[in-house]
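Sequences are here, hints too, so could you generate the full structure?
In the order they appear, the protein sequences are chains A and B. Each residue of the first sequence is one higher than the last, beginning at 227 in this note's numbering. Each residue of the second sequence is one higher than the last, beginning at 1056 in this note's numbering.
Keep in mind that a hint or two might mislead.
Keeping only pairs whose Cα atoms sit at most 30 Å apart, straight-line, the calculated DSSO-like set for lysine-lysine is [claimed, not checked]:
1. B/K1123 - A/K474
2. B/K1279 - A/K473
3. B/K1245 - A/K238
4. B/K1068 - A/K473
5. B/K1123 - B/K1304
6. A/K473 - B/K1174
Calculated from the structure, these hints are not laboratory results. None of the values given here were measured: they were computed from a predicted structure.
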Amino acid sequence: MNRKIHSYSFLKFIDFRQRVIICALFFMLITSILLSTKIGAFSIDLFEIISKSASPLEEMVLLEIRIPRILLSCFVGASLGLSGASLQGLFRNPLADPGLIGVSAGAALGAALTIVVGSDFTIYTALEKYMIPISAVLGSVCIILLLYVSTMGFSQKGIAYMLLIGIAVNAFATVGIAFLTFISSDLELRSLSFWIMGSFGGSEWITILPGIIIISFAILWMIVSSRELDILQLGESEASRLGVDVKKLKFKVIISSAVIVGVSVSLSGMISFVGLIVPHIVRLLGGVNHNFLLVGSAIAGGILMSVADLGSRTLIQPAEIPIGLITSALGAPIFLWLILRSVRK
Amino acid sequence: MSIIATSTSYGTKKKNILKNVSLEIKHNEIISLVGPNGAGKSTFLQILAGDFEPDSGFIQYDGIPLSKISIQERSFCRSVMSQSQPIIFDFTVRQVIEMGWVERGLSAYVEDFHQAVTKTAKECFVFDLLEDKFSNLSGGEQRRVHFARTLVQLWRPSESQDPRYLILDEPTANLDLFFEREILHLLRTKTNEGFGCLIVLHDLNLAAKFSDKMALLHNGAIVKFGNPKEILSSEILSEIYRLEITISKNPFRINYY
Chain A
227 MNRKIHSYSF LKFIDFRQRV IICALFFMLI TSILLSTKIG AFSIDLFEII
277 SKSASPLEEM VLLEIRIPRI LLSCFVGASL GLSGASLQGL FRNPLADPGL
327 IGVSAGAALG AALTIVVGSD FTIYTALEKY MIPISAVLGS VCIILLLYVS
377 TMGFSQKGIA YMLLIGIAVN AFATVGIAFL TFISSDLELR SLSFWIMGSF
427 GGSEWITILP GIIIISFAIL WMIVSSRELD ILQLGESEAS RLGVDVKKLK
477 FKVIISSAVI VGVSVSLSGM ISFVGLIVPH IVRLLGGVNH NFLLVGSAIA
527 GGILMSVADL GSRTLIQPAE IPIGLITSAL GAPIFLWLIL RSVRK
Chain B
1056 MSIIATSTSY GTKKKNILKN VSLEIKHNEI ISLVGPNGAG KSTFLQILAG
1106 DFEPDSGFIQ YDGIPLSKIS IQERSFCRSV MSQSQPIIFD FTVRQVIEMG
1156 WVERGLSAYV EDFHQAVTKT AKECFVFDLL EDKFSNLSGG EQRRVHFART
1206 LVQLWRPSES QDPRYLILDE PTANLDLFFE REILHLLRTK TNEGFGCLIV
1256 LHDLNLAAKF SDKMALLHNG AIVKFGNPKE ILSSEILSEI YRLEITISKN
1306 PFRINYY
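Here you go:
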């Protein structure tokens, strides 16, 4: 009975049409990235940069401002899309999203605390740039710990119980944020409300690089569970009879989505709707199996977010529209169209 | 080689669900487990499958205690069909059947993958449904798809002599007369290939006709075990089922209407 066990093989469970869709999405992602580098308050020709004939100012704008911002938007979109898809699979609930288990609210609460309370104790050190991201990650970590303790290591009473705890935690964090908004000064309120609506402005290499590295690892860690998420659709006990360690799977999906959502929220603010809607769009495009869905949602999330950010910084120049408004305005009609199309079929 | 349950007991604070139940499931044998609602059939099945451990007693698979076998190893040697839950997202029938495929990391098995799915789908009469959405199927069709998935889980290359067991909770629920008979015939074929089967059935006539041995469970204890025609009597059945039940011998038939 000592056979070597592979719990995962990717290509077997993903059909030809789905491979084509993934390639097409990837191509769209590259296109949207290239477009975003070119268009902006300051139009830049990529070929000039490559052929070294661009001015130092153009090069600076591209390398130090625009590229980090585009990269961050893609990674945040990918992490929201992916964690939405895997949480919907884990909870077997099409309405689950990263906001629902309270993680983004926890991150927001952490960041809001730093913005409002922390501004009285400003420390002029090298750490200052990391203050908001770190407190946001700490906020989401606290929420995960709370979830972990109250569900006895994610195992007690199944998944519905955890959703209810998540909703309670969410409400608690929302109260915290509302209270902080209430006691904040006008200046704090402005940065708070902008942060709550989300923005990729002010992305710098030094703050986004650690985030991007963490997100990449978590994405890889999550994608390898896609086959197990498929089997989980049969029910928890059925999945365990098919050799899936359900407790480990829950731990893996929840921890990695908490980490990527915590990091994303800490770098860009609260961006709602993407985690809920992107997986549905991808399902309607090509199918519901998680081998396809997780990769597809990551890429589609990246596309949606980079296009939304492009809109956010170019639509009413020189002002910037909060990214959350754009993602909802872009996502909702696409979603509606897809639903109507599938009903007609 | 067999699954052996030795004096397993299980209970909650309020009630003893199983009392000292012992049973052996051998190769090439269909054992049916019958009894009224609440007799403890499903609980026994779950303990046998390894979902939870009994309060006392133990389960052995081919001489190895079940608690010593990892959940992955278990999935290679036994498959379980329970009363199924709905599947939320729109998986196709093919995808649902493929969920039963447990990776074994051996090239001989890997090459069999598509063949296993196609052949089993044909055996269970769901080949024409493979590309349909599972949630659009009727109850009986869904049942057959789940049965196919249960069989795919135990797929082996034809020369394999590995021990394999099927544990089925009412596999014929929602099936019409034709499919009921065909699925039980298929089960007999599989048993002749070396499977050991334990099935829960409610139709006593079906159970008597298709099983080699029958275990009659009542209030958490096995009251009779053996060849159905020998152990069943109208007195015992009438008492357990609280109904007037008669048995005619030739042909063997249990009458309760």
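Are the Cα atoms of B/K1123 and B/K1304 separated by 30 Å or less? Violated, at about 46 Å.
Between the alpha carbons of B/K1279 and A/K473, is the straight-line distance 30 Å or under? violated (39 Å)
Hint check: A/K473 vs B/K1174, CA-CA at most 30 Å. Holds or violated? violated (33 Å)
B/K1245 and A/K238: Cα distance at most 30 Å? Given pair B/K1245, A/K238 holds - Cα atoms ~27 Å apart, limit 30 Å.
Given the hinted pair B/K1068 and A/K473, is their Cα-Cα distance within 30 Å? holds (26 Å)
Take the C-alpha atoms of B/K1123 and A/K474, compute the straight-line distance between them, and say whether it is at most 30 Å. OK: B/K1123 and A/K474 at ~19 Å, within 30 Å.
Hint compliance for this structure: hints 2, 5, 6 are not met, and every other hint is.
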